[in-house]
Amino acid sequence: MKKSAILLALILFGISLSFAQNQTEKNIETYSRVWDEILNNGEIDQINNSSFDENVVIINSPENIKGIENFKNYYQNFLTGFSDINFDIINIFGQDDNIVKHWRFKGTHSGDFFGIPATGKNLDLEGVTLVKMKNGKILEEHDFMDNMEFMGQLGLISDAQNMKLIDSVYSAFSSGNVPGVLSQMDPEIQWNEAEGNKYAEDNPYVGPDAVMNGVFGRIMTEHEYFKLKDIELHEMSNNQILATLRYDAKWKNGQAYDAQAAHLWTLKDGKIVAFQQYVDTKKLAESEND
Numbered sequence: 309m310k311k312s313a314i315l316l317a318l319i320l321f322g323i324s325l326s327f328a329q330n331q332t333e334k335n336i337e338t339y340s341r342v343w344d345e346i347l348n349n350g351e352i353d354q355i356n357n358s359s360f361d362e363n364v365v366i367i368n369s370p371e372n373i374k375g376i377e378n379f380k381n382y383y384q385n386f387l388t389g390f391s392d393i394n395f396d397i398i399n400i401f402g403q404d405d406n407i408v409k410h411w412r413f414k415g416t417h418s419g420d421f422f423g424i425p426a427t428g429k430n431l432d433l434e435g436v437t438l439v440k441m442k443n444g445k446i447l448e449e450h451d452f453m454d455n456m457e458f459m460g461q462l463g464l465i466s467d468a469q470n471m472k473l474i475d476s477v478y479s480a481f482s483s484g485n486v487p488g489v490l491s492q493m494d495p496e497i498q499w500n501e502a503e504g505n506k507y508a509e510d511n512p513y514v515g516p517d518a519v520m521n522g523v524f525g526r527i528m529t530e531h532e533y534f535k536l537k538d539i540e541l542h543e544m545s546n547n548q549i550l551a552t553l554r555y556d557a558k559w560k561n562g563q564a565y566d567a568q569a570a571h572l573w574t575l576k577d578g579k580i581v582a583f584q585q586y587v588d589t590k591k592l593a594e595s596e597n598d
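The sequence shown stops at residue 598 when you use this note's numbering, and every number in between is there.
Mixed in with the good hints there might be a few duds.
Below, computed lysine to aspartate or glutamate pairings styled on EDC-like, alpha-carbon distance capped at 16 angstroms [to be verified]: (1) Lys442 with Asp405; (2) Lys472 with Asp577; (3) Lys560 with Glu530; (4) Lys380 with Glu448.
Source of the hints: derived by calculation from the structure; they are not laboratory data.
Given these sequences and hints, build the entire structure.
Here it is as structure tokens:
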């Protein structure tokens, strides 16, 4: 009798476990299908009471978003703000009514997105969503992603790597590693020397070779030494870095000079795309002609 009771308990446990597994699989299938239709097919009306609980919630800051209509309005921003959307679920798994989704969202910011005008930038971002289901419907979502990366890709804040890149450029220049400096430049970089500087005659220098031949090569040929000192970097908006510094240099056929200067660097996708120099050109000219 005791053995029969144990056997019955095991059978019931197996049935319960199988039912739970089947329900989890159905939840994952429903969830994956719904979001494919909403984002990849642009079917915002799939956010309805057939697939979403009427009390659906997005865990959000500063306050949660509740209810189907508010949920729908929230995600309409993604369809309005981005074109060429490609939403991919990289991995998804669950237990009972809980689902974890690792996703990747790609698109072009071509429209208004939560009040942010189109930037034309491409977005390629990964994140994770914690999901709760109820009776086969989506009840709650909580997204986790790198918001700084999100804003940076749209060009709304500067890339955190910009400061490191420009710092490495000055380090390379100071050590005489000119090829290292050139390697950080975009092939179409536009380099401008300060107006009044003798090297400004062919502004803008387009491309690393033009910068090498028109600026760096001439500096090295015409100077006994040319050093940069007191360099301070200042992060700006729109992926720009401002450097304040001094030139400690001496012309081969002239005098030494110590001149205040500023450099405005513009970066994109990890490369320098523009440079603007500001310097006391009067001091440079007078020292060369003395």
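Verification of the hints:
For the hint pairing Lys442 with Asp405, the CA-to-CA distance comes to about 7 angstroms; that is within 16 angstroms, so the pair holds. For the hint linking Lys472 to Asp577, the alpha-carbon distance of about 14 angstroms falls within 16 angstroms, and the restraint holds. Distance hint between Lys560 and Glu530 is fulfilled; the C-alpha atoms sit about 6 angstroms from each other, no more than 16 angstroms. Only pairs whose Cα atoms come within 16 angstroms are accepted, and Lys380 paired with Glu448 is accepted, the gap being roughly 13 angstroms.
This entry satisfies every hint, going by the numbered hints stated previously.
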